[in-house]
Structures are given as structure tokens and as C-alpha cells.
Amino acid sequence: MRQLIKAAEFTGVITGLAAKIAEHETDYDNVAFVGIHTRGIPLSNRLVKIFHGQGKNVLEGMLDINLYRDDLSETSDKPVLKETKIEFDINGKIIYLVDDVLYTGRTIRAAMDAIFDLGRPKAVHLVVMAKRNGRELPIDTDLVGINVKTQPTDNVKVKFVETDNKDDVTVLEDGEY
Amino acid sequence: MNLDRKDMLGIEDLSRKEIEIILETANKFAEVTNRPIKKVPTLRGKTVICLFFENSTRTRTSFEIAGKRLSADVVNVSAQASSVKKGETLLDTAKNLQAMHPDIIVCRHSSAGACHVLARYLKNTSIINAGDGAHEHPSQALLDMMTVMQVKKKVDGLKVAIVGDITHSRVARSNIYCFQKMGASVAVVGPPSMLPCSIKDMGVDVYYNLKEGLKGADIVMMLRIQQERISHSPFPTLREYSRHYGLNNETISTLKKDVLIMHPGPVNRGVEIDPDIADGPYSLILSQVTNGVAVRMALLYLFSGVKTLDI
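Which chain is which? The protein sequence lines are A and B, in order.
According to the numbering used here, the residues represented by the first sequence are 97 to 273, in order.
According to the numbering used here, the residues represented by the second sequence are 70 to 380, in order.
If you are wondering where the hints come from, they were derived from the structure by calculation, not from laboratory data.
What you are looking at is a predicted structure, and each value in this text was computed from that prediction instead of being measured.
Since no wrong hints were added, every one of them can be taken at face value.
Distance ranges between label pairs, derived from CB positions:
1. D209(A) <-> K86(B): 27 to 33 Å
2. A118(A) <-> T102(B): 35 to 41 Å
3. S151(B) <-> D236(A): 51 to 57 Å
4. D236(A) <-> V220(B): 43 to 49 Å
5. H170(B) <-> K116(A): 47 to 53 Å
6. N103(B) <-> D209(A): 16 to 22 Å
7. K86(B) <-> S169(A): 22 to 28 Å
8. D270(A) <-> S151(B): 56 to 62 Å
Straight-line distance between alpha carbons at most 27 Å, and here's what the computed DSS-like set of lysine-lysine pairs gives:
9. K97(B) <-> K181(A)
10. K107(B) <-> K178(A)
11. K178(A) <-> K221(B)
12. K181(A) <-> K107(B)
13. K222(B) <-> K178(A)
Some residues of chain A that are not near chain B, with every Cβ distance over 10 Å (derived):
14. D123
15. Y124
16. F147
17. G149
18. V197
19. K218
20. A219
21. N261
22. D264
23. V267
Note that CB positions come from ideal geometry on N, CA and C, so glycine has one too.
Hey, can you work out the whole structure from these sequences and the hints?
Below, the structure is given as C-alpha cells:
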């Protein structure tokens, strides 16, 4: 197991992510952060807290992508549904989709479909804690906490105090738990 | 978390955990039904046949809407307009439908056990029971449970009274199983001629007097008299039945302040329930119908494959 970000550095990385977003963003009245279940939500919460602390009134929501998965017809196994809660009008908003890891891109494809079923946003950006190689779709982002070079058998784990009782980013190599 | 069964035939077979899985899933689908565009692509390419051998407004429409909101292709077959009229048996009809490769058949039939027969013979299709004779109507009990939980949050320890034609009511049977499994106690109330003699074996309290039966009840569920299943009149006149067992303002005034009144529909106004009560502040009747769509979305979702997986 390789540890890429330690607990002590974790908050600094998120602050850095918020700064990266702030480099380009000007229209905060229309910005909404949407966390993807499960570990996109704590990251989204923390980003929103930073912006609220700066007096920027960004909106927040959460998204479950399970109804939009592309493998539902291939398998008889049904994923457990989680809560989708977007209580603002998507139309015209600048959406920052937030997830823990960007890997194949399939989750983000599903998330975009889910967002567009709720309305027509002005723009959709993607924020992730860790970006690894292995994309299967033309989806990419620069709003990244850490870039990780991985083998296909590696497993990148982002943990949050809120969901896992600790903050860190690790890579589990083939067969590790 | 696992719902490892091919068919949804009745509440009797389900564990409390399975009921909770279905209700949690239904709660998630309630969000979809509140959207401006009420459709998700989840069951794209799946085919659902609603095979109804009995009349229905709510259940059939509700399953059809549920399927369509999940992007399934829903086909309705009603016995009145099918080859059943030409002498085809239930099993032949079902086998012919299966030959067209549907994923789910939602079936309602006037004979108890009809859905079990289909489930046994149709190996490749999930069967959902939408009411079989006087036996079970599981999706109704689940939507009733969802409706109660929205208001009461917790069912453990609640007292439920089911009033009316218990003998012919599949809704009563499914609800007795469902509420008992979730920790509530159930009383049935009605004239002796409408209570089956073996009903006590289901672990319910039996009352022949309405006021006694409703004492302390948190939930009162009124039932329609199922004239279509009754050959001899179980009481002298409807007026007399209504006077003894109908729910009116006078009876309501003796009940708990936060009592909830439910009815699976169709309502016979002025017989088992006064219009004032059906439309009044205690009534959950239309919430039941709304929740029916979410519950049926959950059933179609969970039963469109054989297993569910916790991820």
C-alpha cells in the first residue's frame, strides 16, 4: 500500500482545489456543487464550506448515479439506491460535479445524464480528489487534488473522516485490501 | 443487502429486512416522481406485461406509470379483450406471453394462487402478484406501509384496526402480514359473517363491535364490501351495515387525535366511510395512491433481475 496524501496534508490539498476553482470562476451566484455518492459528498461539503467562508453563496446538492449506470442490463445484480437531493433549479447553473476518483469516466457520464434529466445547466465542470489513468470515455478535468499513475489492477482509495474516520489517499496494489 | 428471489408473490414469504429494502428503494424513487421530467433510463429494454384478469383502476395504472417512468416497455393485457374469452387457459396465455420474452409479468387474477402457478411454470420471467383472489395484494400492503411510515416514522408498537369485509379481502391479509412483521399489532373488526373463522390464527385481535375495535387505534383501515365475491348477503341491508360499521364523524370523535384513516380503494362513499372522513384531515387515501407508483417502481426495479447486490 502506498500512501499518497497523509491526513496532515489532506485539508491543504482541498484548499488548493478550491483555489484552482477560484482562478476561473467569477459567477458565484450561479455556482452549485453536486457531490456524487458516496465519497463525492464529503469532498463537496468541504469545498462548499470553504466558499461559504469566503462569503460566496454557492449551492449544494447530492447525486446518486445508480439509475443511470450503463451496466444495468448486463447484470441481474441491482445496486442499492441512494439519495438524490437537488433542491435548486438546475437551469442556467454552473455545476461542479464532485467525486473522489476519476478512473474510467463512466460514473461521470452517468452523472451528466442524471443532471441533464433535471434541467439544462449553463456549464458542467468536474472536480476530483484523485485522477488516475484508465479512461474509457472522453472525459477529463484539471480540477484535481492529485494525479496518480497506476496499473490497471491498482485500486485508488480516497478516505474522508466523514465516511471512513480518517483523511487520506492510498493506492492498493494487486490483491491488497 | 439481498433480495434473492425471482417472484414477488406475497408479503407472507418476505422477511422484515426484505420489506425494508423494498421501502427504502421506494423512498428513493419518490424523488423521481417529483421531478419535472419524471423518467429515468434504468429499465430501458426491459418488457413488463400487466396481465389483468380482474378490473382495476389504481393498481394497473400505477404499475403502468411505474414501468414507464423507469423507461421499461409496458404492455397491458386485460382478460376481457384477450383470447381468454375464446377459452384459452391461464397457463397457456402465460406461456404464450413468455414466448415473447417479457422480463416481468404483473398478474391479477380472481383465483388465489394464480400467480404462484405462473411463477412455477414460467422459469424465465419474474411474476409480481397484483392481487390473487382473496389471498394477497402485496404491493398494496407495501404502499400502505410506506404511507404510514412517512407520517409515523416508526411502525413498531402501533395499533392497526382493519374494518369490514375481511373474508374477501386480499388487502387485509397482506396488510396483516406486513404490519405484524414490522412490529405493529393488528385488530380486525366486522360482522361475524365477514370474518373468517380462522382469522385468529393470523395472530390478530377480533372485534364485532366497531367502537371497541377502534379503541386506541393509531391507524384505521376501512375496506370495501367485495360484492363481486359474495354470493349470499352477509348482512340484512347496506344501510344497516353502514350504521354499525361505517366510519363517520361521530365514530371519529371517539378516536385518538392523531389517528390515520386509510382505504385501499375503490371507496364506496356512504357505506364503509362517510365522504367527510374520506376527504377529511385524517385521511391518507390519496397519499396511498401517490406512494403506489414509487412502491411499484421499486418492485419493478428489484425484480427485473433475479438478485440484488450491495455495493
